[in-house]
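Those protein sequence lines, which keep their order, are chains A and B.
Numbering of the first sequence is given in the working numbering, commencing with residue 4 and proceeding in unit increments.
Numbering of the second sequence is given in the working numbering, commencing with residue 4 and proceeding in unit increments.
Calculated from the structure, these hints are not laboratory results.
Careful: at least some of the hints might be erroneous.
Unchecked claim - For lysine to aspartate or glutamate, the following DMTMM-like pairs were computed, each having C-alpha atoms within a straight-line distance of at most 25 Å:
(1) A:Lys83 to B:Glu45
(2) A:Lys83 to A:Glu232
(3) B:Lys83 to B:Glu65
(4) B:Lys83 to A:Glu45
(5) A:Lys83 to A:Asp122
(6) A:Lys174 to A:Asp33
Claimed, not checked - Examples of chain A residues lying across from chain B (beta carbon under 8 Å, computed):
(7) Gly46
(8) Ala48
(9) Arg50
(10) Val53
(11) Gly56
(12) Ala84
(13) Gly87
(14) Pro91
(15) Arg99
(16) Gln102
(17) Glu105
(18) Ser124
(19) Val128
Backbone N, C-alpha and C fix where the C-beta goes; we use that ideal spot for every residue, glycine too.
Protein chains: 2
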Amino acid sequence: MCQLFALNSREPAAVTFAFTGFSARGGATDAHSDGFGLAFHEGNACRRFVDHGRASDSVLAEFLRTHPIRARTAVAHIRKATQGAVNPANCHPFVREWQGREWSFCHNGDLKDFHPRLDGSHLPVGQTDSERAFCWMLQRLRRQFRRGLPDWPQLAPAIAELAERIGAHGKFNFLLSDGHALYAHGHTRLCWLQRRPPFGTAHLVDHDLELDLATANGPDDCMVLVATEPLTRNEAWQFFAPGELRVFAEGEEVWRQVPSPAAAGAALPALALRPA
Amino acid sequence: MCQLFALNSREPAAVTFAFTGFSARGGATDAHSDGFGLAFHEGNACRRFVDHGRASDSVLAEFLRTHPIRARTAVAHIRKATQGAVNPANCHPFVREWQGREWSFCHNGDLKDFHPRLDGSHLPVGQTDSERAFCWMLQRLRRQFRRGLPDWPQLAPAIAELAERIGAHGKFNFLLSDGHALYAHGHTRLCWLQRRPPFGTAHLVDHDLELDLATANGPDDCMVLVATEPLTRNEAWQFFAPGELRVFAEGEEVWRQVPSPAAAGAALPALALRPA
Numbered sequence: 004m005c006q007l008f009a010l011n012s013r014e015p016a017a018v019t020f021a022f023t024g025f026s027a028r029g030g031a032t033d034a035h036s037d038g039f040g041l042a043f044h045e046g047n048a049c050r051r052f053v054d055h056g057r058a059s060d061s062v063l064a065e066f067l068r069t070h071p072i073r074a075r076t077a078v079a080h081i082r083k084a085t086q087g088a089v090n091p092a093n094c095h096p097f098v099r100e101w102q103g104r105e106w107s108f109c110h111n112g113d114l115k116d117f118h119p120r121l122d123g124s125h126l127p128v129g130q131t132d133s134e135r136a137f138c139w140m141l142q143r144l145r146r147q148f149r150r151g152l153p154d155w156p157q158l159a160p161a162i163a164e165l166a167e168r169i170g171a172h173g174k175f176n177f178l179l180s181d182g183h184a185l186y187a188h189g190h191t192r193l194c195w196l197q198r199r200p201p202f203g204t205a206h207l208v209d210h211d212l213e214l215d216l217a218t219a220n221g222p223d224d225c226m227v228l229v230a231t232e233p234l235t236r237n238e239a240w241q242f243f244a245p246g247e248l249r250v251f252a253e254g255e256e257v258w259r260q261v262p263s264p265a266a267a268g269a270a271l272p273a274l275a276l277r278p279a
Numbered sequence: 004m005c006q007l008f009a010l011n012s013r014e015p016a017a018v019t020f021a022f023t024g025f026s027a028r029g030g031a032t033d034a035h036s037d038g039f040g041l042a043f044h045e046g047n048a049c050r051r052f053v054d055h056g057r058a059s060d061s062v063l064a065e066f067l068r069t070h071p072i073r074a075r076t077a078v079a080h081i082r083k084a085t086q087g088a089v090n091p092a093n094c095h096p097f098v099r100e101w102q103g104r105e106w107s108f109c110h111n112g113d114l115k116d117f118h119p120r121l122d123g124s125h126l127p128v129g130q131t132d133s134e135r136a137f138c139w140m141l142q143r144l145r146r147q148f149r150r151g152l153p154d155w156p157q158l159a160p161a162i163a164e165l166a167e168r169i170g171a172h173g174k175f176n177f178l179l180s181d182g183h184a185l186y187a188h189g190h191t192r193l194c195w196l197q198r199r200p201p202f203g204t205a206h207l208v209d210h211d212l213e214l215d216l217a218t219a220n221g222p223d224d225c226m227v228l229v230a231t232e233p234l235t236r237n238e239a240w241q242f243f244a245p246g247e248l249r250v251f252a253e254g255e256e257v258w259r260q261v262p263s264p265a266a267a268g269a270a271l272p273a274l275a276l277r278p279a
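Given these sequences and hints, build the entire structure.
Here is the structure:
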């Protein structure tokens, strides 16, 4: 399996502190040592750094821990391979352009017998179930939204439905972003927290390191962190309900939906937490 | 304007030495200081590093100069902005997936009144004429090669035709690769050389640095370097004829074509230098 991490923030923010804790799990404090990736969304563009080395001691990971790149949305992944060789092609996040925006996707889980028919609009470069799922999701969204550029109020229900369909094939915790919103699906395990003023001090779980958030952030800053396991040991991480999709924009939760346990397709009403 | 650099090699090779000379032109020995990019093709996948800082002193460029990443094809670009703001979205190389391969593209030139109709299969993320041209080229190739995965013998004539059509709008020197072949179009200025045993010593133009190629390479190595201006001062760089497209694979030139000066569409016969 793998682990996921993301930041969504009102103002561009660095992830060097969080990534220091997260990347330790890529070979030092945990066994996710088959590669890693970190993608920064800036407007419609996405800059992706991936390597198939261990995140705990890769020189690229060290560069990313020590050179802050500020972004409103950043997503990261550390890999423990289940499907596909250990090479750059199979490192998450995967990135594809749709509607003039670069979309990033990373997955924690393992999909069985998931070989959907792909029409060629997006095809996998590597061999993972994860990239196949991402390509199929974008293909479905392309067909559903042929005209104009949908935003999260239109996309969220469509993504929730796709998540439920793919989740029938196995564990499907994922992070998806176009830089405008962060879609986080907690199928079996995912947690999140919001940081806003007054800021305290954060202590990493995986490193003997703490950060004074009041010094690192401005008075108007507001941000959400999402991770497979809590990254800090003194903040109030909340776990997703099974199958829950939460959408974050500008550091706030804006939408969430928990599927009905009774039947696929009979989801509980979506909760739009604020207008688009 | 901008400058281009590429390596195509039989065996995976590092570009740290060449990139040291090339990136000096991004603010130190020349004025291409509006961003840079370096992409490494590994199989069907491409890892791209871009930054909108000066290549001569960006910390990311320094990382790339000092940490060799070995690849069979690498392409690089330093930018002097003509169209589009200075930001990551407008840094070359641009990357898109088509047919399960990641394609990289970078451009030196300036296209006027080039606003082709894009069908949405690939759309620009930034604002450059270059990315628009790349999206349109891939759109045309998608339509022409709907089935199967074409290789360079099929793609080269199609790319030559597209290069000539787009070149009617302005200077269009470019590098394009899918990791299997390198397509280099010398519209107005581009040069290349091949390195093969016996290897000598290379002296950079832009730095007081030399490299013993016999030490850096094995006895079976063979590689092609392409650049806007020669990178070394003691090797036999050859300039492209105006409008010439050359295709390189596994460190060898495999195809070339010079368009007829008389009329568009009446190109001289293409020269396939070896069977696919």
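Taking the hints in turn, this is what the structure says about them:
no., hint, in the structure
1, A:Lys83 to B:Glu45, "holds, 20 Å"
2, A:Lys83 to A:Glu232, "holds, 15 Å"
3, B:Lys83 to B:Glu65, "holds, 19 Å"
4, B:Lys83 to A:Glu45, "holds, 21 Å"
5, A:Lys83 to A:Asp122, "violated, 29 Å"
6, A:Lys174 to A:Asp33, "holds, 20 Å"
7, Gly46, "holds, 6 Å"
8, Ala48, "holds, 4 Å"
9, Arg50, "holds, 6 Å"
10, Val53, "holds, 6 Å"
11, Gly56, "violated, 11 Å"
12, Ala84, "violated, 15 Å"
13, Gly87, "violated, 11 Å"
14, Pro91, "holds, 5 Å"
15, Arg99, "holds, 6 Å"
16, Gln102, "holds, 6 Å"
17, Glu105, "holds, 6 Å"
18, Ser124, "holds, 7 Å"
19, Val128, "holds, 5 Å"
Checked against the numbered hints given earlier, the structure breaks hints 5, 11, 12, 13 and satisfies all the rest.
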